[in-house]
Amino acid sequence: MDDCILVQKVIDDNDHKAFAELMEKYQRMVVTTCRGFVTSYHEAEDLAQDVFVELYESLPGFRKESKLSTWIYRIAVNKSLNHLRKKKRETSIFNLNLFNKGDGKETTFQIVSTDDTEADYSIVSSENKKLLKEAINKLPENQRVAIILSKYQDLSYKEIAEVMDVSVSSVESLLFRAKTNLRKYLVDYQKK
Amino acid sequence: MNCKDTNKFMLQFLDGELSAEKTSEIKEHLMDCSDCSTELNKVKQLYGLIEEEKNEFSHNPYLSSKVLNRIKDDKEQESILLRPIRYALIASLSTAAVFVGIVMGSFLSNINSSIAQSDSDESIELLADEYFPTSSNNIYDIQIDETENNK
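Quick note, the sequences are listed as chains S and P, same order. Residues in the first sequence are numbered consecutively from 1, following the working numbering. Residues in the second sequence are numbered consecutively from 1, following the working numbering.
Because the hints were derived from the structure by calculation, they are not lab data.
Lysine to aspartate or glutamate pairs mimicking EDC-like chemistry, simulated, CA-CA at most 20 Å apart:
id, chain 1, residue 1, chain 2, residue 2
1, P, Lys66, S, Glu43
2, S, Lys87, S, Glu134
3, P, Lys54, S, Glu159
4, S, Lys67, S, Glu162
Label pairs and their calculated CB-CB ranges:
id, chain 1, residue 1, chain 2, residue 2, range
5, S, Pro60, P, Asn112, 48 to 56 Å
6, S, Gln8, P, His29, 55 to 63 Å
7, P, Asp32, S, Arg63, 54 to 62 Å
8, S, Gly61, P, Met104, 40 to 48 Å
9, P, Val98, S, Lys88, 52 to 60 Å
10, P, His29, S, Lys158, 26 to 34 Å
11, P, Glu21, S, Val166, 27 to 35 Å
By construction, the Cβ of each residue, glycine as well, lies at the ideal position given by its N, Cα and C atoms.
Produce the entire structure from the sequences given, and follow the hints as far as they go.
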């Protein structure tokens, strides 16, 4: 069924079946977008639930001038950024408590060898994913959003511009800077 | 192409976004420079994990029911939270209504009593006029006087 009809059913009749249909349709998109921001798949799925709850509450305010997917992307991006900000605040408070205990752990880059067993590969891969995420999250927010929408969702410059409400040339420049910075951070992590 | 430029466009090179000319220049440089080549392989390994993360997705058949349950719970929670506010609102509105009623009642009774007072004053005046008519203020008296003069 068309998105507009489903949205109208949710707004007019509080139709949960219609909303469930929307969730089924956009589940991959939301979970994968959130995955770009957070360190674990489980975390991304939890965030996706928050995104859909917010979507349900905000649907009456949805203007049909833009696409529903653009609206959902915006909610997913904002939820993810807020989640990370909250997590950062909590971590800094936690780190303050540990400041005198010297309990800080540091992850280092490891090269995955073809000789590694599957278990070794999984451990090394998850450690490296953590590093990748640290590098992505080190980027300024607008560069981060642009690169996540580009790499995790394969969105075009035009689509990213619509989600971020900026011009196409701004997206081009954001992506160029994001990639330059990301390479630098990835190299820095390897040297640690 | 030098090391600096190769590093600058490394991720664009990996994403295949560069022109054919620039791509071949970087490829040539990588063949000659072992440092850049090693760095590219390391970056490629980390950067390539994005593709791996993208493919992690597996459809969760329970996600929509979880979300719908949360929406229902939120609504119930909201109504529980709103209930005392609603009761307080009803109580304060009824108190206000009673107060307004009392004020209006006393105001109206004041008006009534003042009207009654002015009515009684007027009736006294009327009675006085009936019993002690003043000839100078009576227009009929003047008319009678004129007709008498004409005669």
